[in-house]
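Please arrange chain B on chain A, whose structure you already have, making use of the hints.
Chains as they are written, first to last, in the working numbering: chain A, 180 to 548; chain B, 1492 to 1620.
Hints are computed from structural coordinates only; laboratory data are not their basis.
Where a beta carbon is used, it is the ideal one built from N, C-alpha and C, also for glycine.
Some hints could be false.
Coverage of chain A stretches by chain B, computed from C-beta distances (three or more under 8 Å per stretch; other residues unrestricted) [stated by the list, open to error]: (1) 208-214; (2) 471-482; (3) 489-501.
The calculated lysine to any residue pairs, modelled on SDA-like cross-linking and capped at a C-alpha distance of 20 Å, are [stated by the list, open to error]: (4) A:K473 / B:E1538; (5) A:K473 / B:N1584; (6) A:K298 / A:D421.
Examples of chain B residues lying across from chain A (beta carbon under 10 Å, computed) [as the list claims (entries may be wrong)]: (7) V1532; (8) E1535; (9) E1538; (10) V1555.
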Amino acid sequence: MTLKHTPLDALHRELGARMVPFAGYDMPVQYPEGIIREHQHTRSAASLFDVSHMGQLIVRGEGAVQVLESLIPADIAGLGRHRQTYALLTNERGGVRDDLIVTRWAENSFFLVVNAACKDDDIAHLRRHLAGCELEVLEGQALLALQGPAAREVLAQLCPDVATLPFLHGLEAELDGVSVYITCSGYTGEDGFELSLPAAAAERLARRLLAVPGVAPAGLGARDSLRLEAGLCLYGHELNADIDPVQAGVLWAVSKVRRPGGERAGGFPGAEIIFARIQNRPALCRVGLAVEGKRPVREGQVVLGPDGNAVGSVCSGGFGPTVGAPIAMAYVPRDLAEPGTALAVDVRGKPQAVTVARLPFVPQRYFRG
Amino acid sequence: MSQTPSELKYASSHEWARLEEDGTVTVGITDHAQEALGDVVFVELPEVGATLASGDEAGVVESVKAASDIYAPVSGEVIAINDALEDSPELVNGNPYDEGWFFRLQPADTAELQKLLDAEAYLEQCDSE
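If we strip away everything but chain A, and leave its shape as in the complex, we get (with noise of 0.2 Å):
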């Protein structure tokens, strides 16, 4: 299969990125500095990541509302403009099928992001339930992430505006002669924007960005080390179409009015396994986990109980580095996911010592007005 590039291929060679393949796109998982460096850069000032293999899509029409209703379990007709929020597709069994962004533009237009990898699934699926509305799939967008503490102060010098724009509010925004979509948004943990904007003009705005003193660009490792600190589920890690929104404990996503009991209870896939769910909790949920010593614990590693015996499985590992040790999230039964439980994780034949840990492991620092 060929690699898909973004609209700043050449602008990550330009940078020394090393590039990986990552859903079907040739992306950089690092830049010189490496991943501890663009990590903690992210933390103390502004990173700027290129999310354009995210797909982004818009669905608009009569009846947008319904159709988004009928596939995610959150409050969408109750979604003010330039509003957004984290969302689920759900499937029939209760599982899901990706998780998303969803942003109101108008009455009758939702501006979606999904993940790269699902959104060929994502799009067809939409597809299948139109019901008269509109899809268009944003090929020649790209998405650019800057993300830090100093984000804000940087990107309002070239747009006065998001000076004081909230966390998941969004705003049209032109930069030089551009047309953007400003959302503060992102996926660190730390205040942060998402910029939505032509493919042509991608390049010229990230260099003017990371003239800025005080951003550098970063990858997607650094990305993923900075979403496991702030205890963020990745697609294909903490959710995936087994896994119910109970168990991942994102339930908070499912809002209070399509829950039972709601003004418009259900009507989403798996709504009645997931609502069986809220009643008969799941055996399993997700901890985060404190590695003991140095040496990380991996994805797909297997948890053991006080006793020895195999409970549960790690989702996501890795070392924070703002955590300053190895970290991870892992799935376990219920009666063992009090913070502070001693647990073991199996590595390579070998017991290492965790103990369960409140999440996230690095509080959020999302601007709220």
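Okay, now just chain B, sitting in the frame of chain A:
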């Protein structure tokens, strides 16, 4: 550009081996390997006294992203390990041929070193990967 000193021998699995004046062999991973791994956060080394055959698993290098096995490039007994890597695994990134060494072997047969790649052949292999 990664460095590949010409006085060393190389295994196709990205370890280097240096024959010391006292007849022992020092082993580490190449600059090319550390660059590919990224920031090293943990190194598991063999135990002193362990006997390894060439190609045996000798330890594990863990970077932020992934774990990679390391192998003994020649047969022998482990006579020393680089304790400094326990507290400073980043030495592997900063100085892979010097402070970032992994372990030292008393080789069973120094002629085994001749079976390893020279710098030129190793670079050729890296280029074709």
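Unsatisfied constraints (hint numbers, rising) | 9
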